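K.L.:
So the protein lines, in turn, are chains A and B. Residue numbering for the first sequence follows this note's numbering, starting at 116 and increasing by one per position. Residue numbering for the second sequence follows this note's numbering, starting at 116 and increasing by one per position.
Derived from the structure by calculation, the hints contain no laboratory data. Here the structure is a predicted model, which is why all the values come from computation and not from measurement. Careful, some of the hints might be misleading.
It does not matter which identical chain is used: a pair holds within one copy or between any two.
[As the list claims (entries may be wrong)] Here are the simulated BS3-like cross-link-like pairs (lysine-lysine), alpha carbons at most 27 Å apart as the crow flies:
| hint | residue 1 | residue 2 |
| --- | --- | --- |
| 1 | Lys146 | Lys247 |
| 2 | Lys340 | Lys247 |
| 3 | Lys136 | Lys146 |
| 4 | Lys247 | Lys136 |
Number of protein chains: 2
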Amino acid sequence: MCVQQPIAVLDSGVGGLTVVKEVLRQLPREKVIYFGDTARTPYGPRPAEEVVRFTREIVDYLIQYRPKMVVIACNTATAVALEDICSLVDVPVVGVIQPGARAAIGRTQTGVIGVIGTEGTIRSGAYEQVLKELSPHIKVISEACPAFVPLVEKGNFRSAETLQTVHRELDHLRGYQIDTLILGCTHYPFLSDTISEVMGHNVALISSADETAREISAILHDKNKLALNEDLPVHQFLCSGDPRIFKRIAEQWLGEQIELTPVVWQVPQIG
Amino acid sequence: MCVQQPIAVLDSGVGGLTVVKEVLRQLPREKVIYFGDTARTPYGPRPAEEVVRFTREIVDYLIQYRPKMVVIACNTATAVALEDICSLVDVPVVGVIQPGARAAIGRTQTGVIGVIGTEGTIRSGAYEQVLKELSPHIKVISEACPAFVPLVEKGNFRSAETLQTVHRELDHLRGYQIDTLILGCTHYPFLSDTISEVMGHNVALISSADETAREISAILHDKNKLALNEDLPVHQFLCSGDPRIFKRIAEQWLGEQIELTPVVWQVPQIG
Chain A
116 MCVQQPIAVL DSGVGGLTVV KEVLRQLPRE KVIYFGDTAR TPYGPRPAEE VVRFTREIVD
176 YLIQYRPKMV VIACNTATAV ALEDICSLVD VPVVGVIQPG ARAAIGRTQT GVIGVIGTEG
236 TIRSGAYEQV LKELSPHIKV ISEACPAFVP LVEKGNFRSA ETLQTVHREL DHLRGYQIDT
296 LILGCTHYPF LSDTISEVMG HNVALISSAD ETAREISAIL HDKNKLALNE DLPVHQFLCS
356 GDPRIFKRIA EQWLGEQIEL TPVVWQVPQI G
Chain B
116 MCVQQPIAVL DSGVGGLTVV KEVLRQLPRE KVIYFGDTAR TPYGPRPAEE VVRFTREIVD
176 YLIQYRPKMV VIACNTATAV ALEDICSLVD VPVVGVIQPG ARAAIGRTQT GVIGVIGTEG
236 TIRSGAYEQV LKELSPHIKV ISEACPAFVP LVEKGNFRSA ETLQTVHREL DHLRGYQIDT
296 LILGCTHYPF LSDTISEVMG HNVALISSAD ETAREISAIL HDKNKLALNE DLPVHQFLCS
356 GDPRIFKRIA EQWLGEQIEL TPVVWQVPQI G
């Protein structure tokens, strides 16, 4: 039955695991197949055309697993490739920008929302566009934080270097009346303790991860495709780069209760 | 264009206004047409067949406004009539039970979720079923609170009587390890300050209202039907009972910024 098909989740690296963790927690019956393009991470500084091409390659590859849904768990790829991928496949495609934007609008009281993301995401203006489409009077303050993804891909979540980097990137955002900050990159929840320390605990952090998992659940329900299996599914993880680093970060982040099956896939035309 | 069509929201009375308030806040471009069946409230103690019939009558009536979505903003009606209404209309139908259940699963840490609702909702077991379908290991403690809806329909949100009633209905729930309480009736957010006072501030209250508004947004986006109009829409409110009480509660709850157009509609076969 279609409802037993996996949910395909893809990211430039390990960031999309923040979405996977919430999917496993909120939808424990669902099987996930994850692809982290760790050989070509980060996507943030790359030209949009390249990110579109990479995303298409991964979706082309994942489609062989007959997923019932494709989740682009990468803000950069969502910003530039979502529409393209929607036209490529005949299953629902969920990005991470709309869910985060919706949650931020639900949360803000001051109407001033901060957005941090990669250069690619911020340059695209995708969050600002979606936020203003939903609610025209929202004020949006955006900031690219290119130093964050490399920290996370090294597994450097909490250190003096991390704290210093987060201070350097975010300190000036504290001058605005932001009460809600969108972590507009799926890597950033790995750094959320430090980000919260720097921004102050009165600023609500919106993780695309939590919100996207809820939205996946809502859309699968709307389409009558939620999994019904009694046995807990075995998930599958693929990455294009060093499987040891990926495995270490994935196991640390997801916890021991999840059986991991890292598989190396050599992406064509690496670089 | 279809995206400019209204969202039809219905409830047994004023409870669904909690959903409307969040829709207006989160989706200010959307036009809402609301029907409160105040002549026949409460639905909670009525037999399921009767609630199904009433809900069908209202949807039959609202369909003349060519809504792009029908929102059953009443837990009792969602519990017993959602499937029936889905088969009746060819637009998406959103109930309030799934969104609340999803949010509670996203929030709980202990895995013990409380649900309060009308007798009809609790008797149907709908929340327990949805929660366990989503996540089989969740423990659910359910309790009917028949005294709450009449308090709200009278506009009695905060008084000594209200506090006493809430204590009487909820005190024994405090013996469980509940960390998340679903307000499984759209009337209950009117009482949320008092409920929070009685349950303790460590118990997260999940309002169907907030969650349903987010889900409406997600599903309209998925179907490419979010409104794009620049002018703020004028909403339309209908009720089957005394329009003065309805108008007073609606204006108090929604605030002055909303232009209200109460219209009396005499439902056939009242009673």
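K.L.:
Cα distance capped at 27 Å. Does Lys340 pair with Lys247 within a copy, between copies, both, or neither?
P.N.:
between (31 Å within a copy, 16 Å between copies)
K.L.:
From the Cα coordinates, with 27 Å as the cut-off, is the pair Lys247 and Lys136 best called within, between, both, or neither?
P.N.:
Between copies, since 19 Å is at most 27 Å while 29 Å is not.
K.L.:
Should Lys146 paired with Lys247 be assigned to within, between, both, or neither, using CA atoms and 27 Å as the limit?
P.N.:
between (35 Å within a copy, 17 Å between copies)
K.L.:
Could you figure out if Lys136 and Lys146 sit no more than 27 Å apart (CA to CA) within one copy, between two copies, both or neither?
P.N.:
Within one copy, since 12 Å is at most 27 Å while 36 Å is not.
The structure is consistent with each of the numbered hints, conforming to all of them.
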